[in-house]
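**Q** What follows is each chain in one-letter form.
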Amino acid sequence: MKHHISFTLNGDPVEALCDTDQTLLDVLRDELDMTGTKEGCATGDCGACSVSVDGRLVCSCLMLGVEMNGKKVESIEGMADGDKLHPLQQKFLEHAALQCGICTPGVLIAAKSLLERNPDPTETEVRYWLAGNLCRCTGYDKIIRAVLATAADMRGA
Amino acid sequence: MQEKVGNPPKDGDFKWVGTNAIRPDGVEKVTGQARYGADLNMAGQLTGLVLRSPHPHARIVKIDTSKAEALAGVKAIITSDDFEEQDPTLAAAGEMMVNYLDVSRNVIACDKVLYEGHALAAVAATSKSIAKKALKLIEVEYELLPHVIDPVEAMQADAPILHEDMITAGVNPPPEKPSNISKQMEFALGDIDKGFADADLIIEREFKTQPVHQGYIEPHACLANVTADNQAELWVTTQGHWIVRAHCARLLGWDISKVRVTSSEIGGGFGGKTVVYLEPLALALSKKSGRPVKMTMSREDTIRATGPTSGAVVKVKIGASKDGRITAGQADMIYQAGAFQGSPVAQGAMTAFAPYELDNVKVTGLDVVSNRPKVAAYRAPGAPISEYAVECVIDEIAGKLGIDPIDLRLKNAAKEGTQTAYGPKLGPIGMIETLEATQATEHYKTPLGPNQGRGVASGFWYNIGGQTTVMMALNEDGSFNLTIGTPDIGGLRASMALMAAEELGVDYKSIRPIIGDTQQLGYNFLTGGSRACFSSGMATVEAAREIIQEACSRAAKLWELPEEAVDYKDGWIRPAGDNAGAHEPISIAEIGRMAGKTGGAIIGNAKINAQGAAPSLGQHLVDVEVDPETGKVSVIRYTVIQDAGRAIHPAYVEGQYQGGAAQGIGWALNEEYIYGDDGKLQNASFLDYRIPVASDLPMIDTVIVEVPNPNHPYGVRGVGETAIVPPMGAIANAVADATGVRFSELPMSPPKVLKQLDLARAANDADLKM
Amino acid sequence: MKYEAPQTLDAAVRLLASESGQAKVLAGGTDLLVQIKTDVIEPDLLVDIKGIGEVRQITEENGGFRIGAAVTGAELEENAALVNTWPGVIEGANLIGSTQVQGRATMGGNLCNGSPAADSVPGLIAAGATATIVGPGGTRELPVEDIMLAPRKLAIAKDEFIVSFYLPARPAHSGDAYLRFIPRTEMDIAVVGAGVNLTLDEAGKITAARVVLGAVAPRPLLVPEAGEALIGSTLDEAALGKLATAASAACNPIDDKRGTIEYRTKVAAVIARRTAEIAYQRARSN
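One line per chain: the protein sequences are A, B and C, in this order. Adding 619 to a residue's 1-based position in the first sequence gives its number in the working numbering. So that you can map any letter, position 561 of the second sequence is 543 in the working numbering, and since no number is skipped, the others follow by simple counting. Adding 262 to a residue's 1-based position in the third sequence gives its number in the working numbering.
Chain A extracted, bound-state conformation (with noise of 0.2 Å):
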C-alpha cells in the first residue's frame, strides 16, 4: 500500500504517492519529475542529490519520502526567481565555477544555505561547510571562489 504525501516544493502543494523504502530524492526525480536535484551516490556521501528541508540542509537521498508529510522543501529548481537567477547561479556562471555541472545544483543548495547562516564566511568555512560536496572537474578552486565572491557582493561589501 503506498503513502500519500503532501508537502510544499519551492513554494507550491505538491502531493504523491510513494512506497516506505522510497526517499526524498527518488519522490522528487521519479514521482515528480523535479530531475534537478541529482543521484550520485544515493547513500549520502556526495551531496549532489541536496534540497533543503525546512531550511535545513541536508541529503535528499537520506530522507524517506514518507516523512516529508507537511514538510517545506527547497531544490534548486526553486532558486532563481523566475528569470532572475540567485546571485550565486549568476556568480557561478561568471567564475566558470562549474564543468560538467552534474554536481552543481547540490552546490548551489548547499552554499545557499551557508550564506543564510553566515554571510561572512571565510575560505575555511566555506570549505568545511562543502566538504559533503563532492566534484571531480573543478578541483573546487572556482565554487570556492564564486561562494566567496557572492558573499561580498551580498553584504553591499
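Simulated from the structure, these hints should not be mistaken for laboratory data. Be careful, since some hints might not be right.
As the list claims (entries may be wrong) - Here are the simulated DSSO-like pairs of lysine-lysine, each with C-alpha atoms no more than 27 Å apart in a straight line: (1) B/Lys49 <-> B/Lys94; (2) B/Lys427 <-> B/Lys382; (3) C/Lys299 <-> C/Lys415; (4) C/Lys264 <-> B/Lys110; (5) A/Lys691 <-> C/Lys312; (6) C/Lys312 <-> A/Lys690; (7) B/Lys190 <-> C/Lys519; (8) B/Lys491 <-> B/Lys551; (9) C/Lys264 <-> B/Lys115; (10) C/Lys299 <-> B/Lys662; (11) B/Lys110 <-> A/Lys621; (12) B/Lys397 <-> B/Lys407; (13) B/Lys49 <-> B/Lys114.
As the list claims (entries may be wrong) - The following residues of chain B were derived to be distant from chain A, with all beta-carbon distances above 12 Å: (14) Ala210; (15) Pro429; (16) Gln434; (17) Ala455; (18) Glu545; (19) Ile585.
Glycine residues also receive a C-beta, built at the ideal position from the N, C-alpha and C atoms.
We have chain A already, so just place chains B and C on it with the hints.
**A** Chains B and C alone, transformed into the frame defined by chain A:
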C-alpha cells in the same frame, strides 16, 4: 579536403578568443534544467537492472531465468545468448584499441565471469522493485575457479588463467602455453647500454601504483527505445555517441543507420565514458520487450564493475652525467588490464621520458590480465603512472647532483625538433617555457615552514585530432546555429562559439552551439585525447570560413563583381581594391535575410580528419606539510603551469588544470581499490573510495603559458589530459623534500607514510628530516 | 516495509513490541537508510520517533543537560549553552559525515548504529553521560559506556529505545574535547577517535579525567588507566607520555580497509595526547 588551417594569428588581436564569456549552456546547468543521462523519461518505460557476478572468477554452468520470467511485471530478460558472437577484431575507441569479442563479453558474460560485478544477465520490468525481485529469481549455477588480483601474482606460472587462448603477443617465438600476459612491447632509441656506461650517476627504483577510478559524479545511465523493426533511439551520458552507436550496432547485429544516439549532458567522464556498459543491454531489452527501457547504474556498481585505470609496477633506471645531462632512460613496466587485455601500457611507455630530449631510451611494457574490472581510459591513460615514476627518479638525481630540479629539467628539456622515443619529431612545444615560468612564480620563491616540503614534476601528453564533422547555419535573422559532434564535458560549447564569433566577426551571443546526435552529423570521434577543442574548433573555423566565402559570393553577385573583389571583415562585406566604396557595405546578417532570394540557405559543412594535434607540456609545483606523528600529508599550496597553445576560454583552461591537479592529488594520497582475499571489492562507495573533498585542497593557482600550435587556426593545444600527469610525481617529490624519505608506492596514505618514517627512524637514516 | 510515526513513547514501545518481523527505530536515518538501500537489512517496520516530544528536546535539568536522543547534530551546535559547556560532545556529533548528514544525524542513532568508530560516543562517555531507555517495563538508565557491547550489539532490547542522554552538572575548571584521525579532512569514518574530559583545581592540576578511545576496540573504550595517568598532573610531558602509553596499551583494534592494528595503536597515542591538550586548554579557560 582539409586545407592548411595553421598559422595562428598573433595574440592581442582578438575580440572574442581569450575572453571568459558566459557559456551558452550555463543557465540551464545552474537552474537544474539541463538534462543528464538519468533525467529523461518516456511514457511506458521499463526499468532495467543488471545481474552481476558475486564471484571474482567462475565458469557459468547454467543460467535459469524461468522463475524470473514468470514474475508479473517482468517484460524481458537477456543473457549473452541475445547478442551476436564477435570476432576479436581490433578497432579504435578513444586512444585505446578494442577487441569486439572482449567488448561483448565484458558487457555481458559468456561462459565465464571474470570479476566480481561482471554482468551476466539483465531484466526489464514495470518497476524497480519488480526488477530487483526478478534478479533474485534468476538462478545461476557457477563453478568457482581460483582467482588472482595482483598483476605480478597473475604473471606467475601457477596463477589461475583467465583466458585459455591468451598467448603473449610480441614474444618471438610465441609461448606454447597460455598465460595472463596478453602482450609485451618495447620502444627504444639509441644505445641504452652505452648511455649507462657514460653515466656518472645511475639511480634505479621500483614503483607501485594502484588502480584508481575516474570518479565521475554521474553514474552511467541511458534510455533506449527500439521499434519492432530495429529503429533504435538511445539517450545516453557518454563521451562519444558515435562510438556508442558503433559498439551497440555491432554487438546487436543491426545496421548502424538504425541506431540513433543522442548524447545527454554528461556529468563527468574523464575517459570512463568512452566505452559501453548498459547501452547494448538497454537496447536489447527494449527490442525484446517492445517498450522503452531506462537503465541507471548505482554508485556501488560504478566503482565495482566499471573500468578504473591500471595499477602498475614500474622499474625506472636513469643515468646522468655529473653536470646533469641525462645519458640514459630505461623503464620496465607491468600494467594491469583488468579482466580483458588492453591496459594503456603502450601510452605509458610512449610518454614516460617524453618531456626530455634523450639519446638513449628503452621502455618495455607488459599487459597483464587479472580478475578485476576491465580497465578503461582515465585522463592521459598510462602516462600519469609512467611519468610519476620517471619524475621521482629525476628528482632524486637532481638532489644527488646538487642541481635545482627545474634546472636539471631545463638541461634536458625536449623542444622543437626533439626526436621522441616513440616515433615523431616534436614541433614547437612549451617544456622550456613552462619550466621557466615555474621558476618565475612567487610560489617557487616562498620559504617553507617546519614539516613542509616542495616538489615539482613535469608532464607530457601528446593529444590527438581525428574525424570531425561540424555544421553551421546562417539563420534568416543573421544569427547562427552551430552543431558539433563532440560532447561538451566542461566549457566546449563556449570555446566553439568564441572561435566562430572571432572568425565571423559577430557577437558571441548570436551563435547557438549544440551537440548534434548521430543522425544530424557525419561521423565524429569521441571527446577524449584532449581533442574536442582542437578538432571541433578546427572544423568550426572551417565551417565558418565556408559561410564567409558563400556570403561573399552572394554579395559579389549582387554587386556584379568577381568573388575575389570583395572583402570580409568584422561581419561586414565590402567591395575591395579598385572597387572600394562602389557599394555600401552589407552585413552578414543582411546576407542571411536575403539568402532565400540569392540562392538558398547558407551553411558551412566541415568534415575533417583533424591533423596536427600538438603536445601540451606542464609543470606542477606543490608544497605539502607532513604530520610526523601520523604520516598525514596535507597539500598546502599548488600551482599548475601548463602550455595551452592558445587559451580560447582561459577560465575553462584553468578549470582543466585545477581539475587534473585535484584528481592527481587523490591518486597520490588516498585513492585505491581495496580487495579482500576473497577477490571482492571492499570500498565500493565514496565513503571509502576517497576522492578529495573541498576541505582537503588549497586554492590551485594556474599559469597559462601559450606556445601556439602552428597546425591549428588559433594555435590550440589540448589541455585536459596533461593536467593529471604531474601531480603524483610532484607530491611524492614534495613529501621526500619534507621528510627526507623517498616513497615509491601510491597512494601515500598516512599508514604507509608513517611506516616509512618509522623505518627510517629505526635505521637512523641520515637523510631523515623528521 | 511498513512505516509508523507514533506521537508518544508508549505508542512507540507498543509498536516495537508487537512487531513479529524486524522493527527498526528511525531517527535521522543517515545510517538506517543506507543499510536499507544497500540491502544490508530489510526491516518489516520502521518506527519513526521524531514526532515524540521527549526525544527532540534539550532541557536544563539539575544543573546538567537532558538531550533528546533524536536531536540532530546541527541543532546541538545551535544551542549556545551546550556548546559552551560541552564543546567536546558537540564537536563529536558535528564531525559525523557532512553538513548535510549533520542536519539529520542524531547521537541516539550514532550510538545505536553500533559502530566502534562512532564520532559522538567517545565525547558522551568521557562526559559521564547516562542514557534513559524506554521499554515495555518503563524507563531505565545506563551509563553510555555500557550501551554498546560489540559491533552492532547493544544492551538494548528490540522493544526498547533511547529517549534521551543526561549530561551531568559541570564543576568549575572543566573542559572536554573530541578529536579523530581520518585520512582526509572530512567525510571519513574515524580511524581512531578520542574523547577526553578533564576537571582541574585552582592551580591547574587535574583532579578528574576520563579518556575514551573510539575505533580501536569492538566498542568505544573508556580507558581508566589513561585517565589515572593524568590525575595530579598539569598535563606535563611525563603525564602525556603515560597517557600515550596507556592509550596504546588499551587498544584492541582490527585490520580493516580503514586502518591496520599497528597504525591504530600508534595513532591512538598521538590522538589521545592531542585531545587531552585541547581539553586542558578549555578547562584552564573555564
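**Q** Decide, hint by hint, whether the structure agrees.
**A** Structure-based check of each hint:
1. B/Lys49 <-> B/Lys94: Between B/Lys49 and B/Lys94 the Cα gap is close to 22 Å, so the pair holds against 27 Å.
2. B/Lys427 <-> B/Lys382: 21 Å, holds
3. C/Lys299 <-> C/Lys415: Roughly 21 Å between the alpha carbons, so the hint for C/Lys299 and C/Lys415 holds.
4. C/Lys264 <-> B/Lys110: 18 Å, holds
5. A/Lys691 <-> C/Lys312: With Cα atoms ~16 Å apart, A/Lys691 and C/Lys312 stay inside 27 Å; holds.
6. C/Lys312 <-> A/Lys690: Roughly 13 Å between the alpha carbons, so the hint for C/Lys312 and A/Lys690 holds.
7. B/Lys190 <-> C/Lys519: Distance ~19 Å between B/Lys190 and C/Lys519 Cα, so the pair holds.
8. B/Lys491 <-> B/Lys551: 18 Å, holds
9. C/Lys264 <-> B/Lys115: 18 Å, holds
10. C/Lys299 <-> B/Lys662: Between C/Lys299 and B/Lys662 the Cα gap is close to 19 Å, so the pair holds against 27 Å.
11. B/Lys110 <-> A/Lys621: 15 Å, holds
12. B/Lys397 <-> B/Lys407: Holds: B/Lys397 and B/Lys407 sit about 9 Å apart, inside 27 Å.
13. B/Lys49 <-> B/Lys114: 13 Å, holds
14. Ala210: Answer for B/Ala210: holds, closest chain A Cβ roughly 28 Å.
15. Pro429: 22 Å, holds
16. Gln434: Answer for B/Gln434: holds, closest chain A Cβ roughly 18 Å.
17. Ala455: 26 Å, holds
18. Glu545: Given that every Cβ of chain A is farther than 12 Å from that of B/Glu545, nearest at about 41 Å, it holds.
19. Ile585: 30 Å, holds
When each numbered hint is compared with the structure, no violation occurs for any of them.
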